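**Q** Spelled out, the chains give:
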Amino acid sequence: MSARDDILQAVRRALAGTDATSVPVPTGHRDRPATADVVELFVERVADYRAVVERCSVDEVPDAIWSALPAGARVVLPPESPWAVAGGTVDTGLSATELDGFDAVVTGATVGIAETGTIVLTHGPGEGRRALTLVPDLHVCVIRAGDVVADVPAAIRLLDPLLAQTWISGPSATSDIELDRVEGVHGPRSLHVIVVG
Amino acid sequence: MSGTFVGMPAFPEAARAALADSQLRSNLAHATATIRAKRAAVVAEIEDWEELRVAGAAVKDNTLAHLDEHLVQLEAALTARGARVHWARDATEACAIVAQVARDHRVEEVVKVKSMATQEIGLNEALAAEGVAAWETDLAELIVQLGDDLPSHILVPAIHRNRAEIREIFVRRMKDVGRPAPDGLVDDPARLAEAARLHLREKFLRARMAVSGANFAVAETGTLVVVESEGNGRMCLTLPEVLVSVVGIEKVVPTWADLDVFLQLLPRSSTGERMNPYTSTWSGVTPGDGPQEVHVVLLDNGRTRALADEVGRQALRCIRCSACLNVCPVYERTGGHAYGSVYPGPIGAILNPLLRGPGVDAQVDSLPYASTLCGACFEACPVRIDIPTVLVELRAQVVDAHRPENRAGAPKPEAVAMKAAAWWLRSGDRLRRLERLSSAFGRVADRFGRRRLPGGRRALGRLPGAGAWTGARDLPAPPTESFRAWWRRTDGGRS
Chain A
0 MSARDDILQA
10 VRRALAGTDA
20 TSVPVPTGHR
30 DRPATADVVE
40 LFVERVADYR
50 AVVERCSVDE
60 VPDAIWSALP
70 AGARVVLPPE
80 SPWAVAGGTV
90 DTGLSATELD
100 GFDAVVTGAT
110 VGIAETGTIV
120 LTHGPGEGRR
130 ALTLVPDLHV
140 CVIRAGDVVA
150 DVPAAIRLLD
160 PLLAQTWISG
170 PSATSDIELD
180 RVEGVHGPRS
190 LHVIVVG
Chain B
0 MSGTFVGMPA
10 FPEAARAALA
20 DSQLRSNLAH
30 ATATIRAKRA
40 AVVAEIEDWE
50 ELRVAGAAVK
60 DNTLAHLDEH
70 LVQLEAALTA
80 RGARVHWARD
90 ATEACAIVAQ
100 VARDHRVEEV
110 VKVKSMATQE
120 IGLNEALAAE
130 GVAAWETDLA
140 ELIVQLGDDL
150 PSHILVPAIH
160 RNRAEIREIF
170 VRRMKDVGRP
180 APDGLVDDPA
190 RLAEAARLHL
200 REKFLRARMA
210 VSGANFAVAE
220 TGTLVVVESE
230 GNGRMCLTLP
240 EVLVSVVGIE
250 KVVPTWADLD
260 VFLQLLPRSS
270 TGERMNPYTS
280 TWSGVTPGDG
290 PQEVHVVLLD
300 NGRTRALADE
310 VGRQALRCIR
320 CSACLNVCPV
330 YERTGGHAYG
340 SVYPGPIGAI
350 LNPLLRGPGV
360 DAQVDSLPYA
370 STLCGACFEA
380 CPVRIDIPTV
390 LVELRAQVVD
400 AHRPENRAGA
410 PKPEAVAMKA
420 AAWWLRSGDR
430 LRRLERLSSA
440 FGRVADRFGR
450 RRLPGGRRAL
460 GRLPGAGAWT
470 GARDLPAPPT
480 ESFRAWWRRT
490 DGGRS
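Quick note, the sequences are listed as chains A and B, same order.
When we follow numbering that gives the first Met the number 0, the leftmost residue of the first sequence carries the number 0, and every step to the right adds one.
When we follow numbering that gives the first Met the number 0, the leftmost residue of the second sequence carries the number 0, and every step to the right adds one.
Just so you know, these hints were derived from the structure itself, not from any lab.
Careful, some of the hints might be misleading.
What the hints assert, rightly or not - For lysine to aspartate or glutamate, the following EDC-like pairs were computed, each having C-alpha atoms within a straight-line distance of at most 20 Å: (1) B:K37 <-> A:E43; (2) B:K411 <-> B:D428; (3) B:K174 <-> B:E240; (4) B:K174 <-> B:E164; (5) B:K37 <-> A:E97; (6) B:K202 <-> B:E240; (7) B:K202 <-> A:D179; (8) B:K202 <-> B:E108; (9) B:K202 <-> A:E97; (10) B:K37 <-> B:D47; (11) B:K411 <-> B:D360; (12) B:K37 <-> B:E378; (13) B:K174 <-> B:E201; (14) B:K418 <-> B:E434; (15) B:K174 <-> B:E193; (16) B:K37 <-> A:D179; (17) B:K202 <-> A:D99; (18) B:K418 <-> B:D428; (19) B:K37 <-> A:D47; (20) B:K174 <-> B:D186; (21) B:K37 <-> A:E182; (22) B:K37 <-> B:E49; (23) B:K174 <-> B:E108; (24) B:K418 <-> B:D399.
Unchecked claim - Examples of chain A residues toward chain B, derived with CB under 10 Å: (25) R54; (26) A149; (27) V151; (28) R156; (29) Q164.
Bear in mind that the values here come from a model prediction, so they are computed numbers and not experimental data.
For glycine and all other residues, C-beta sits at the position ideal for the given N, C-alpha and C.
Chain B extracted, bound-state conformation (with noise of 0.2 Å):
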């Protein structure tokens, strides 16, 4: 149904291909502008934000100390309330018990939440592969859908497509699967939106089983918390007969009194807004109001990896409100599909390598890289996550992980030339003829270099076997005599 980010190509390669789309510039440069506005007016409405940014950090970061702890106490307070709990190590197992409670109930089709967790999980092509169609609800999660696109943005996932682009999908493909695009439909985001609201309704009514995911989980109550705008989310969760949500192991909160953080920060942070139009909590079944069956997937697919390595961990604090994406001088030139992953952006370039570790797809180690390491994410971050400082590590990571005693095959020319550095610089004697050879060197390249620096010292241009490097960098001459031997010579300045 729709695309697959799988076999994507690295990053700066893809970027290369987006960077050429003067479209999707466009498009993204309005629609970041747009948000980024809204965001700064509403963040300066609250006077302590600052110091709500270090509560939700704080929050999380408690929470992750012990999350064993509050895990086990979200599954009690779930099942005292009704909801049948259900752990995925990875996203197999996840796929495969919605799919069961599909086949539980012999439903051809399931109407879904946007939920971030089950595109991580590719929820919908393994539904399809039982024969049950998933149709996503949400209005940019339908116009990729339709498209047969990639999702390209945390919050608004055809943030990509202009409306004129949005009203030829709906017009081409609406009727193929259902009550088809109204006639004469303009490209006026109104009509559009109403468009999407005729034509979902139907699928609202006569749907029995809805998937979600969740914003936050209380352990103390077992509350799930979904936020959103449309009404799509309500109708999912209210309408049919079975609910399955499934829930990333980082979503829990201790409290429910710890909410009053998070629902400050996100809207603000996601849509710019004071407060997004409809907030949905349940606490598992409620008798006589909405699903009577509920079901609970806590999924892990590498969360518990990412929990253990210490500086990356901050990035399971993320309450997916895509502030980092909005703010980012690389996404808003090269856009989401870049990434090659759900999460792109700066969450994603740090969220996917701690998900999937280092050294395990050339896709996935391209992405630390994708960063100028601005910091205008974390500066946006609600919780505060130091995206640069994780970029950097990870950055160490996926060299280490590449090292020659690691990997098979042909060393690389930066490992020899930096075990060829450490053999020279181990001892002064050594280091001694170094500078005596770089020496000569300098005074050849002095008489023959025709580049000239700043300052009057000479410098070489392009290098035979190092073109990719000197290509765009002019390289100095050596100095012709080295300090230590202008020290020895002078008497330190002396004479």
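Isolated chain A (complex conformation) (with noise of 0.2 Å):
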């Protein structure tokens, strides 16, 4: 018998006589009340992960971008980058080492979550492939006010389990040594957030 067989039949003989009735679930987390005020809670806990964050107006944005980056940075663009970035080059499926090349990377987000400070791509064109935002040592990403809800129930309701996500709460970190977080250890070190609107 196939591996396969062996394992359902075990499953199956496992669970022979047991009560399959289901357990109820408490749903109370999917609809908790209000937060007042999402962005200004999602500023505050994207900042206490020690990522830089700030708001600006729609107009800004450029200036915000250009700001964000250090003098002379490299810097790689997802293939339909929103914001033009001067001296920005676009990924063209670049490969690993040549993406280790960049310095700064500035990319769009589909969803913010203020509760956990968490910024969600989902890595379409505005996004990029996933080692676009990972490879090099800056993130600037650049969210929409709009696009930021509650929770993480709230998220998870919007995303499409199909798309590949990533889940990005502030710069990596490692908790590793002592049990100390300390930031910056394979991904970007830097993560800079900017919430239009």
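Please assemble the complex out of the two chains, which come individually in their own frames, going by the hints.
**A** Structure representation (structure tokens):
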């Protein structure tokens, strides 16, 4: 018998004679009382991770991006970046080693989660494939205030599971040395979030 | 490369050695106190935390009750999205599947995301035997691998090491396996993390194959989820051409919506953060993004055995957060190595015997006793695994497995005593004779017993032949008159 059939049969044997009635699952966490100002909470929580976070109007976005980038930084952009970044290179399937030659990446985001200070990328043309926001050391992420939701259940409701996703909460970090949090391991060591509107 | 737990002594012996290591105890006390405070703070932020725990437990229980259906659905969803699904009955089969993929692509090295399942099956050792080097990329796993050491915690396998020890390991060993540690490396955690970044970057950039586990596998959509902090997981899941994920069959959840419970419970219970820095989700092959060849190995390795245990099956709810380790007074003092398994602490004390069965291995049989049954683990568990109850059940199973009728060799004194007691207590007549003997013994003991218990009753100290028990316990002298004799003599206290 194949391993598959063996395992499935072992599962059925293990469950034989047990009560298969479902136990009720509480769902109160899916409709919690509304948060007063989700964008304000989002900004506060992103900052808690020692990421840089700022708010600006649509017109101010190019300037905000420009000042987020260090002088002379080599910048890579997703295929359909909503913002022009002078001197930026558009990703056309760069190799990992080529990506490693860039200092910064500028992208959009799909959803922001206020309660946890999380940005979620679904890697469409305005956000780029997954490696793009991983290899360069600085990630500048522009998110519209209207895309910020209150909490994790609200984000899960909006997101399409069939798209590859990356949930980002602050710069890369580790707690592996004496369980103290240290920012900056393999992912971008700096995260700069610009909230628009 | 790294050590092995095979041949570890039983818990009491291993614990004695660990307790004598004052450096270990101070490292552990510091680390567990830090994480307990962080967890308490972020759990307190969630007003409906208790309801979330109930929801987490209920989703897992409902899934386990129909596990076969969810696994078949998961397989279909993964296959439909371009992944190749393999099934492995045990560790040997799972390792062989991963090794075959490595051979098919002629790779000499793989990069690894931290994964309990691959540690459980001893994948690194199996790949090494095939000439394939498996590089651990999680910082703590790297420390363990470079230090030729064993993991001692589910989340932070190098929790037993302090910064000075880690610096020493990096300086001594990095140069043997790749980019050396930077000159003049100091033991500041930020500098140590940077050394790991530099050392591993070249391995990430050239790796053609990666191996991961998964925190969750969504049956409905074939979505795998990896929760991590450092970005090493994203590197492995994104840069190589081939990805193999080894997933225990209990990791399945029915729908994407179910994740809203677990993505709240896990980070707060685990690292004590509102959210971990990175969570990656993917469903099979994503065209033009990441590995274009994706394998998923569904692993049993004792899980169906645990599922058959009516009391113990709740252990399969476990989401490997390690909150139970951090609050356990036993773990805090002995550390993880004493448990002799990649799963240490309270969850390890139930998971190992459940996966492997009682009466097979003396070391595994010792684990249900590695607890004071204080219940702190149950309170901390985000999916409400009642670890103390399972421990008590497993103790009974271990005792049953060692009964003389199930076991060759001479019966234990305890078994003989219990058998004798059963014979004496079976009839009123025999009991009366026993009481007469006991009263006679009581009169002698009352005269010669040198200790006196509170209340004035005499007691005996160490008894020959029962030194292990009476060396630390006073044996009260039996009463000189039995209750039944007193009742007859006094007409129930009326005369």
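**Q** If a hint holds in the structure, say so; if it doesn't, say that too.
**A** Hints, verified against the model:
{"no.": "1", "hint": "B:K37 <-> A:E43", "verdict": "18 Å, holds"}
{"no.": "2", "hint": "B:K411 <-> B:D428", "verdict": "28 Å, violated"}
{"no.": "3", "hint": "B:K174 <-> B:E240", "verdict": "27 Å, violated"}
{"no.": "4", "hint": "B:K174 <-> B:E164", "verdict": "17 Å, holds"}
{"no.": "5", "hint": "B:K37 <-> A:E97", "verdict": "39 Å, violated"}
{"no.": "6", "hint": "B:K202 <-> B:E240", "verdict": "14 Å, holds"}
{"no.": "7", "hint": "B:K202 <-> A:D179", "verdict": "26 Å, violated"}
{"no.": "8", "hint": "B:K202 <-> B:E108", "verdict": "9 Å, holds"}
{"no.": "9", "hint": "B:K202 <-> A:E97", "verdict": "15 Å, holds"}
{"no.": "10", "hint": "B:K37 <-> B:D47", "verdict": "18 Å, holds"}
{"no.": "11", "hint": "B:K411 <-> B:D360", "verdict": "18 Å, holds"}
{"no.": "12", "hint": "B:K37 <-> B:E378", "verdict": "16 Å, holds"}
{"no.": "13", "hint": "B:K174 <-> B:E201", "verdict": "13 Å, holds"}
{"no.": "14", "hint": "B:K418 <-> B:E434", "verdict": "17 Å, holds"}
{"no.": "15", "hint": "B:K174 <-> B:E193", "verdict": "15 Å, holds"}
{"no.": "16", "hint": "B:K37 <-> A:D179", "verdict": "10 Å, holds"}
{"no.": "17", "hint": "B:K202 <-> A:D99", "verdict": "13 Å, holds"}
{"no.": "18", "hint": "B:K418 <-> B:D428", "verdict": "17 Å, holds"}
{"no.": "19", "hint": "B:K37 <-> A:D47", "verdict": "14 Å, holds"}
{"no.": "20", "hint": "B:K174 <-> B:D186", "verdict": "17 Å, holds"}
{"no.": "21", "hint": "B:K37 <-> A:E182", "verdict": "16 Å, holds"}
{"no.": "22", "hint": "B:K37 <-> B:E49", "verdict": "18 Å, holds"}
{"no.": "23", "hint": "B:K174 <-> B:E108", "verdict": "17 Å, holds"}
{"no.": "24", "hint": "B:K418 <-> B:D399", "verdict": "14 Å, holds"}
{"no.": "25", "hint": "R54", "verdict": "20 Å, violated"}
{"no.": "26", "hint": "A149", "verdict": "12 Å, violated"}
{"no.": "27", "hint": "V151", "verdict": "5 Å, holds"}
{"no.": "28", "hint": "R156", "verdict": "7 Å, holds"}
{"no.": "29", "hint": "Q164", "verdict": "4 Å, holds"}
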